[in-house]
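Student: Given the structure of chain Z, go ahead and fit chain H onto it with the hints provided.
Here the protein sequences line up with chains Z and H, keeping their order. Residues in the first sequence are numbered consecutively from 76, following this note's numbering. Residues in the second sequence are numbered consecutively from 12, following this note's numbering.
If you are wondering where the hints come from, they were derived from the structure by calculation, not from laboratory data. C-beta atoms are modelled at their ideal positions from N, C-alpha and C, and glycine is treated no differently. Check each hint, because a few of them may be wrong.
Said to hold, decoys possible - Straight line, CA to CA, 27 Å or less: simulated DSS-like cross-link-like pairs of lysine-lysine:
| id | chain 1 | residue 1 | chain 2 | residue 2 |
| --- | --- | --- | --- | --- |
| 1 | Z | K146 | Z | K89 |
| 2 | H | K60 | H | K72 |
| 3 | H | K60 | Z | K132 |
| 4 | H | K60 | Z | K146 |
| 5 | Z | K146 | Z | K84 |
| 6 | H | K80 | H | K69 |
As the list claims (entries may be wrong) - Which stretches of chain H does chain Z cover? Using the computed rule of at least three CB atoms under 8 Å from a CB of chain Z, they are:
| id | stretch |
| --- | --- |
| 7 | 85-94 |
| 8 | 109-123 |
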Amino acid sequence: NAGVTQTPKFQVLKTGQSMTLQCAQDMNHNSMYWYRQDPGMGLRLIYYSASEGTTDKGEVPNGYNVSRLNKREFSLRLESAAPSQTSVYFCASSGGPGGGNTIYFGEGSWLTVV
Amino acid sequence: AQSVSQHNHHVILSEAASLELGCNYSYGGTVNLFWYVQYPGQHLQLLLKYFSGDPLVKGIKGFEAEFIKSKFSFNLRKPSVQWSDTAEYFCAALSYNTDKLIFGTGTRLQVFP
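Just chain Z, same shape as in the assembly:
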């Protein structure tokens, strides 16, 4: 029972490089999320997807793109990485709109942009 799986766990990028963070869940959840966590700022929502085929901006979407490839997978892409995107990224999933659902988190991806 894997839950929410994120890859890679660690990555170092040079400024201007691109990369994709992958996230997959095996709980048949409708909603998926991407957050970044920075000291003193909590978890800030980048993008979320309330169902397959839909995505919505969160609090800090600039510099990121997402794809809800299918119900299981929700990827986050940095097209041209900047040092300000150095952070810990968390993927999460939940049953979907309507409340009453527990949110499950991945273990995080540590990204450093130099």
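Tutor: Frame of chain Z; chain H shown alone:
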């Protein structure tokens, strides 16, 4: 716009002291509310959640929270903290209609023996 405020950024307590961490949310519709804890070097762990019903919610490790709808608040409490409660605590609000989940900026709790 949906938002969550945690007014205590850093709290320092001695063991056996009582704890109350404030959380206020801003959202016009129905919300589900959560408290998460993050121990040093670890990922988020759910402490407790409120969906409906009794506004006093009990969670793991002796924590509880009270939902006060008129004050848009969901404060976390523990009668007697332990050194092992040293961690960062996050309040979160989930929109019932859109499933958008927003976190507060967190409260760092340090408990000294």
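Student: Taking beta carbons only, do three or more residues of the stretch 109-123 of chain H come closer than 8 Å to chain Z?
Tutor: holds (count 9)
Student: Below or equal to 27 Å on CA atoms is what counts here, so check Z:K146 against Z:K84.
Tutor: Holds, at roughly 22 Å.
Student: Hint check: H:K60 vs Z:K146, CA-CA at most 27 Å. Holds or violated?
Tutor: Holds - the C-alpha atoms of Z:K146 and H:K60 are around 25 Å apart, at most 27 Å.
Student: Is the straight-line distance between the alpha-carbon of H:K60 and that of Z:K132 27 Å or less?
Tutor: holds (25 Å)
Student: Confirm or reject the coverage of the stretch 85-94 of chain H by chain Z under the rule of 3 or more residues with a beta carbon closer than 8 Å to the chain's beta carbons.
Tutor: Our answer is that it is violated, as 0 residues pass the Cβ test (under 8 Å) against chain Z, missing three.
Student: Hey, Z:K146 versus Z:K89, does the alpha-carbon distance stay inside 27 Å?
Tutor: Distance of about 32 Å is beyond 27 Å: violated.
Student: Starting from H:K60, check that the Cα of H:K72 is at most 27 Å away, please.
Tutor: holds (14 Å)
Student: With the threshold set at 27 Å, check whether the alpha-carbon distance from H:K80 to H:K69 stays at or below it.
Tutor: holds (17 Å)
In this structure, the earlier hints numbered 1 and 7 are contradicted, and the remaining ones agree with it.
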